[in-house]
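There are 2 protein chains.
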Amino acid sequence: MKAKIHVTLRKSILDPQGNAIMGALSGLGFDSVSGVRQGKVIELEIAEADEAKAREQIEEMCKKLLANPVMENYEIELVS
Amino acid sequence: MKAKIHVTLRKSILDPQGNAIMGALSGLGFDSVSGVRQGKVIELEIAEADEAKAREQIEEMCKKLLANPVMENYEIELVS
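Going line by line, the protein sequences match chains F and E.
For the first sequence, the working numbering begins at 1 and goes up steadily by one.
For the second sequence, the working numbering begins at 1 and goes up steadily by one.
A portion of the hints provided could be inaccurate.
Copies of the same chain look alike in the list, so a pair counts if it works inside one copy or between any two.
As the list claims (entries may be wrong) - No more than 30 Å apart at the CA atoms, straight line, and that leaves these computed lysine-lysine pairs for DSS-like:
id	residue 1	residue 2
1	LYS4	LYS53
2	LYS53	LYS63
3	LYS2	LYS63
4	LYS2	LYS53
5	LYS64	LYS53
6	LYS63	LYS4
Quick caveat, the hints were computed from the structure, so don't treat them as lab data.
Remember, predicted model here, so these are calculated numbers, not experimental data.
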C-alpha cells in the first residue's frame, strides 16, 4: 500500500522559508501571491494490506520520526 | 484562491533524504516500509479568481522558481 504524508508547520509557527519564497516571487513580478507556506510530503510504500493497520503504523512513524508534533501538523493519505 | 503545489523528485533521480528516512524507520523497528521519497508542498494564496489564469500563473512560478524541471516534477492543486 502506498501512503502520502503531508507535514506542514502549524499556523502559529513562523515560516521563514515560505516568506523567502514569497519575497523571491514578488522579485520575479508575481505580485498577486500572498501567504506562502512550505511543508514536506513523504511518500512511502508499506507492506500492510489492512488500511486501518497501515494508518496506525504510519501514525506512529509520524509521532516518532516524521513530524515534530509541537511545531508541525501531519495528514496521512493512503493510496490504493 | 488557494493552491497547493507538490514538488517531487523525478523517479530516475536518487533521493538520499528519502533513503535516510527509510534507514531511520527500520532502525526504529518499522520493517514493513520500503521505498521512501521526500518532496515539498508549497501552499500559497493567489489573488486571482479565474481558475485557468491562476493555474497558468502558478505553472510559470513553478518553471521559474519553485521547481527544477530537470530533476523535479510538480503538480498543481487549486483549492476553492
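I'd like to know which numbered hints this structure contradicts. Please list them from smallest to largest. Hint check: nothing fails, all pass.
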